[in-house]
Structures are given as structure tokens and as C-alpha cells.
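J.: Read off the chains here:
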Amino acid sequence: MQEDIAARVRDRVDAIYRSDSRRVLATLIRLLGDFDLAEEALQDAFATAVEQWVEKGIPENPRTWLISTGRFKAIDRLRKSARFESVGGSALERLEAAETPELDEDGVEDDRLRLIFTCCHPALSADAQIALTLREVCGLTTEEVAHAFLTPPPTLAQRIVRAKGKIRDARIPYEIPSRSDLPSRLDSVLHVIYLVFNEGYLTSSGASLTRADLSGEAIRLGRLLVELLPEPEAMGLLALMILHEARRPSRTTASGEMVLLEDQDRSLWNRAQIDEGVELVERALGSHRFGPYTLQAAIAAVHAEAVNPAATDWTQIVGLYDVLLRADPSPVIELNRAAAIAMRDGPEAGLSRIDAILARGDLTEYHLAHAARGDLCRRLGRVEDAIGAYSRALELASQEPERRFIARRLEELRLTSPR
Amino acid sequence: MKYLCLIYDDEKQWVKFPKEVQDQYMGDYGAFTESIKKSGQYVGANQLQPSDTATIVRSRNGKVSTTDGPFVETKEQLGGYYLIEAKDLNDAIQVASRIPSARSGSIEVRPVVERPA
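Residue numbers (our numbering), protein chains in the order written: chain A, 1 to 419; chain B, 1 to 117.
Among the clues, some could well be false.
[As the list claims (entries may be wrong)] Capping the alpha-carbon separation at 20 Å, the derived lysine to aspartate or glutamate pairs in DMTMM-like fashion look like this: (1) A:K166 x B:E85; (2) B:K87 x A:D169; (3) B:K87 x A:D181; (4) B:K2 x A:D169.
[Said to hold, decoys possible] Derived DEER-like restraints, expressed as beta-carbon distance ranges: (5) B:L6 x A:A349: 46 to 56 Å; (6) B:A31 x A:E60: 23 to 33 Å; (7) A:D127 x B:N61: 39 to 49 Å; (8) B:S97 x A:D213: 31 to 41 Å; (9) B:Q47 x A:A98: 35 to 45 Å; (10) A:R289 x B:A31: 42 to 52 Å; (11) B:R110 x A:E175: 51 to 61 Å; (12) B:A31 x A:A98: 18 to 28 Å; (13) A:T155 x B:T53: 33 to 43 Å.
Don't read these hints as lab results, they were simulated from the structure.
Please read all numbers here as calculations on a predicted model, not as lab measurements.
Backbone N, C-alpha and C fix where the C-beta goes; we use that ideal spot for every residue, glycine too.
Put together the whole structure using the sequences plus the hints.
T.: Listed below in C-alpha cells is the structure:
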């Protein structure tokens with residue numbers, strides 16, 4: 001009987017750890033003013049819960065119980081260390097002087113936002129922002145983050161230690177940015193989430209084309225952000241990620257070969273995700289305060305809604321690229337626009353635009369620019385030019401499935417070549 | 001908390017500016033300094049002579065060597081500093097972004113180590 005209760009309590013504590021440990025941590029960081037102290041307090045609080053809840057029952061509000069227990073445990077720790085060494089004295093005085101904090105629901109949700117904005121502070125390097133966000137906000141272990149980014153765990157651990165050191169020593173505040181700082185600070189958060197997603201979706205090198213775990217983590221983060229801060233661009237990014245995710249099953253063959261959008265089996269696309277993505281795009285567009293993420297999501301939505309490649313509304317896609325190019329001018333977007341124009345007006349129209357980009361000296365080292373050029377030359381029957389462009393693309397591509405795809409195209413072309 | 005804002009700018013460019021532009025810059029600096037004195041964030045500041053006046057001093061095993069500085073040729077040189085009092089890094093970044101040279105060069109913001117008196 002007693003063992004039954006103990007097992008039930010442990011299950012419950014595990015479940016609460018999964019659902020609420022990040023919330024508890026976010027609030028403890030605010031109350032204690034220190035990441036490491038808060039992490040120790042979090043572990044202490046959950047360990048105490050396992051012991052005490054068996055005897056005294058599960059408290060009415062477990063989260064509040066965990067937060068205040070964690071806070072007391074941290075004060076205990078500081079008292080003990082203050083007895084042996086002089087450090088921790090001022091933090092202890094400050095904590096002892098503070099009243100037991102009120103913990104309302106809104107306050108706890110604000111703490112989660114504070115944690116996100118602090119982990120994605122632009123004064124930290126991009127690598128550190130990603131590592132810290134996955135570790136602290138998502139609750140991944142250092143080993144898990146290291147594995148996902150193909151980084152040795154000690155290197156990653158060091159990166160996290162340095163980032164926490166900078167937050168403490170340079171005094172990066174634990175706060176939600178002011179209205180005037182919000183757009184640029186939100187950009188930095190969105191960028192981190194998108195990098196995590198892309199790392200899972202299009203790993204920059206290596207044999208496997210997708211690492212679903214990271215993409216799933218990025219989508220969870222995106223959802224959390226939209227829930228806490230329903231800004232149009234946060235919705236746009238979430239929509240973009242979900243719409244890409246919806247096509248995941250058709251992007252590769254069972255043997256891991258890449259399949260182009262036009263050749264994908266659209267019956268494999270996840271309709272529920274597409275519906276959700278489209279709805280988010282419409283909400284974001286309706287705000288009239290949208291930006292590049294929403295526009296990219298809108299383009300992905302047009303593709304997702306076409307029942308077959310021929311039904312794709314290329315006029316609308318070119319129009320969206322026009323707006324995107326004004327909002328976020330970049331050669332890569334120009335390249336994508338040229339490819340869309342080729343679909344709308346024919347290969348010649350796209351090719352002249354790609355040649356103009358390359359002639360300017362932009363994207364000359366970007367494999368997809370040469371692959372796109374090769375494809376258009378192939379469609380025009382300019383076999384030798386197509387072989388030249390694909391050969392250059394193959395020299396520049398680093399990802400195995402892409403390399404195999406380009407190599408296949410080259411082989412096909414050489415078979416049709418008169419020489 | 002105190003932060004040191006180190007001002008880096010292209011000093012070769014500076015001497016090429018016409019006098020009106022230099023005057024305008026100095027006027028902007030004066031106004032900026034005044035504004036952070038008013039807000040209580042000013043602790044100290046100095047403009048430095050150009051980097052070709054620098055001397056590098058080392059003492060090794062009691063032997064002092066001096067060489068003409070700086071050690072490395074960089075595009076931007078340290079030209080001066082502000083020592084400021086700020087609530088936190090965001091506050092310090094806000095102040096640093098208003099230093100006139102932030103528009104042409106860059107400002108390095110470094111927290112000052114605080115020791116109990």
C-alpha cells in the first residue's frame with residue numbers, strides 16, 4: 001500500500017517535472033537572480049517533493065509549492081556556504097530581506113518570457129543563444145544539445161558556462177524588453193528559433209537530411225512564444241515551420257534520397273498541419289504588421305494549398321516575393337523570385353534574372369544558384385550549359401543527399417549529351 | 001554598476017573631415033556628455049591622442065622594454081572612453097548607442113569588476 005502511494009507520487013512528480021519544470025525554473029531565476037543557483041534549487045525542490053508528498057500528500061498547487069520550496073532551499077544553501085566562505089553573503093541578505101513573493105499565474109508566464117528574452121539576448125553569441133535556449137527554456141540536457149549540433153559535450157558545456165557568466169557579470173537584465181526595444185529583441189528570439197528549426201530540417205552537412213527532434217523542439221518553442229506574446233511575426237514564423245514540417249514525409253525517399261517539391265507525393269502532406277499553418281498565416285497577414293517570416297509562410301501556404309504542381313498559383317507567389325524583397329532585400333530571395341518567375345513566364349525569363357545576380361558577383365559560391373541555373377538550362381535544352389552549371393553546384397554542395405541529387409541530374413544530362 | 005565604453009573609430013578618416021564636420025562632431029559629443037551628466041550616468045571620460053602617439057611598455061625579469069605602439073594595425077583605433085553608471089547591460093547599451101562615434105565607428109561596452117570596499 002505504502003509502496004503504491006510512493007510509486008504514484010513519483011509518477012506524478014515526473015509528470016509535473018515534464019510539464020512545469022521550465023516554468024518553475026524561470027520564476028526561480030527571477031527570485032534568486034542567478035541561473036546556477038536556480039537550477040540547483042529546482043533539483044532540490046523536486047527531490048524534496050518526492051520525499052514529502054508521500055507523507056503529506058500532493059499540495060493543492062504543486063507549482064507554487066515547488067517554487068517556494070526551491071527558494072527556501074536556495075536560501076539554505078547560501079546560508080551554509082556563507083558560514084564557510086564569505087561568498088554569497090550579499091545575495092543571501094537580499095533574499096532574506098525580500099518578502100515571500102506572491103505567485104500569480106500571469107507573473108509565472110511573464111517569467112517564461114523573461115527567460116526566453118534573456119537566453120536570446122543579442123549581447124550573447126548566436127551559438128550561445130541557441131545552446132542556452134535549448135538548455136534552459138526547452139530543458140534539453142547538455143548532452144542532447146551537443147549531440148544535436150554535432151559538438152563535443154565539453155565544448156557545449158563550456159559555451160553555456162560562458163554565456164551564464166556573461167549574463168551575471170555584464171548584468172544582462174532578466175526582463176521583457178520595453179515596447180521600443182521589442183521589435184529588434186523579438187527578431188533575435190525568432191532568429192534563434194528558426195536556426196534551431198533549420199538545423200533539424202536541413203542539416204548543413206552530414207549524411208542525414210533531417211533531424212526531426214530539433215525541428216519539433218523549435219515548433220514547441222514557436223508555439224510557446226505565440227501563446228505568451230502573440231506578435232504577428234511570431235505567428236508567421238510558427239506558420240512557416242509548421243508548413244515546412246507538413247511536407248517532411250514527402251521530402252525524402254525511404255532510402256534518404258531528396259525529392260524536389262514538384263515531384264513530391266502530395267498525399268503524404270499533413271493536412272491538419274497545413275490547415276493550422278494557413279490559419280496562422282491569415283491571422284498574421286490580417287494584423288498588417290507582418291514581416292519576412294509571415295511572407296515566407298504565405299509563400300509556403302500557396303505551395304501547400306496546390307493539389308498538384310500545375311495548380312500552383314505562381315502569379316501570387318511572384319507577388320509575395322516582390323513584397324518580401326522590399327521587406328528583406330537579399331540575393332537569396334532574388335534567386336527564389338527568379339525561380340518563381342521561370343515557373344510563371346517560362347525558363348528564359350528566370351534564367352536571365354539568375355544570370356544577372358551571378359554577373360553582379362552575388363551568390364557565385366552558393367550551390368543552389370548554380371543548381372537552379374542548371375535546371376533552367378536543362379529545360380531550355382541547353383545541355384552543355386546545364387552540365388556546366390550542375391558541375392559547379394556539385395563542387396559547392398556539402399550535404400550528401402543534395403550532392404547525390406545533383407550527381408544524378410548530371411548523369412542524366414550526360415546521357416542525353418551528343419558527346 | 002559601472003561600465004567602460006571604449007570608443008573605436010577610424011582616426012585616418014577623422015583628419016580628412018572638413019572643419020565643419022569636425023565641429024559638428026565635437027558639438028554632438030558636448031551635448032551627449034551634458035545629457036549623461038544630467039541623468040547622473042556620467043562618471044568620467046577622456047579623448048585620447050591618436051594611436052601613433054602610443055608607446056607599449058613591458059617589464060620582463062626586471063628588464064623594461066618600450067616599443068612604438070600599437071601592436072596591430074586595425075581599421076578602428078581606440079580614441080577615447082566614457083566611464084558610466086548604468087542599471088544593467090541594457091541601460092549601458094542604450095547610453096553607448098548615443099555616443100556620437102557609434103554612428104561611424106563602434107563602442108565596446110565592458111562591465112567594471114566590482115569589489116567590496
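J.: Now tell me, hint by hint, if it's right for this structure.
T.: Here's how the hints hold up against the structure:
Taking the CA atoms of K166 (chain A) and E85 (chain B), the gap is about 18 Å. The hint holds against a cut of 20 Å. The hinted pair formed by K87 (chain B) and D169 (chain A) meets the criterion: a straight-line CA distance of about 13 Å does not exceed 20 Å. Distance hint between K87 (chain B) and D181 (chain A) is fulfilled; the C-alpha atoms sit about 16 Å from each other, no more than 20 Å. This hinted pair checks out: K2 (chain B) and D169 (chain A) have alpha carbons roughly 11 Å apart, not beyond 20 Å.
Between L6 (chain B) and A349 (chain A) the beta carbon distance is about 52 Å. The supplied range of 46 to 56 Å therefore holds. Distance hint for A31 (chain B) and E60 (chain A): a CB-CB separation of about 59 Å, inconsistent with the stated range 23 to 33 Å. Between D127 (chain A) and N61 (chain B) the C-beta distance comes to about 40 Å, which sits within the given range of 39 to 49 Å. Taking the beta carbon of each, S97 (chain B) and D213 (chain A) are about 38 Å apart, inside 31 to 41 Å as hinted.
Between Q47 (chain B) and A98 (chain A) the C-beta distance comes to about 43 Å, which sits within the given range of 35 to 45 Å. At roughly 34 Å, the beta-carbon separation of R289 (chain A) and A31 (chain B) lies outside the given 42 to 52 Å, and the hint is violated. For R110 (chain B) and E175 (chain A), the hinted distance range of 51 to 61 Å is not satisfied, since their beta carbons lie about 21 Å from each other. Taken as a hint, the range 18 to 28 Å is violated for the pair A31 (chain B) and A98 (chain A), whose Cβ atoms sit roughly 40 Å apart.
Separated by about 42 Å at the C-beta atoms, T155 (chain A) and T53 (chain B) satisfy the suggested range of 33 to 43 Å.
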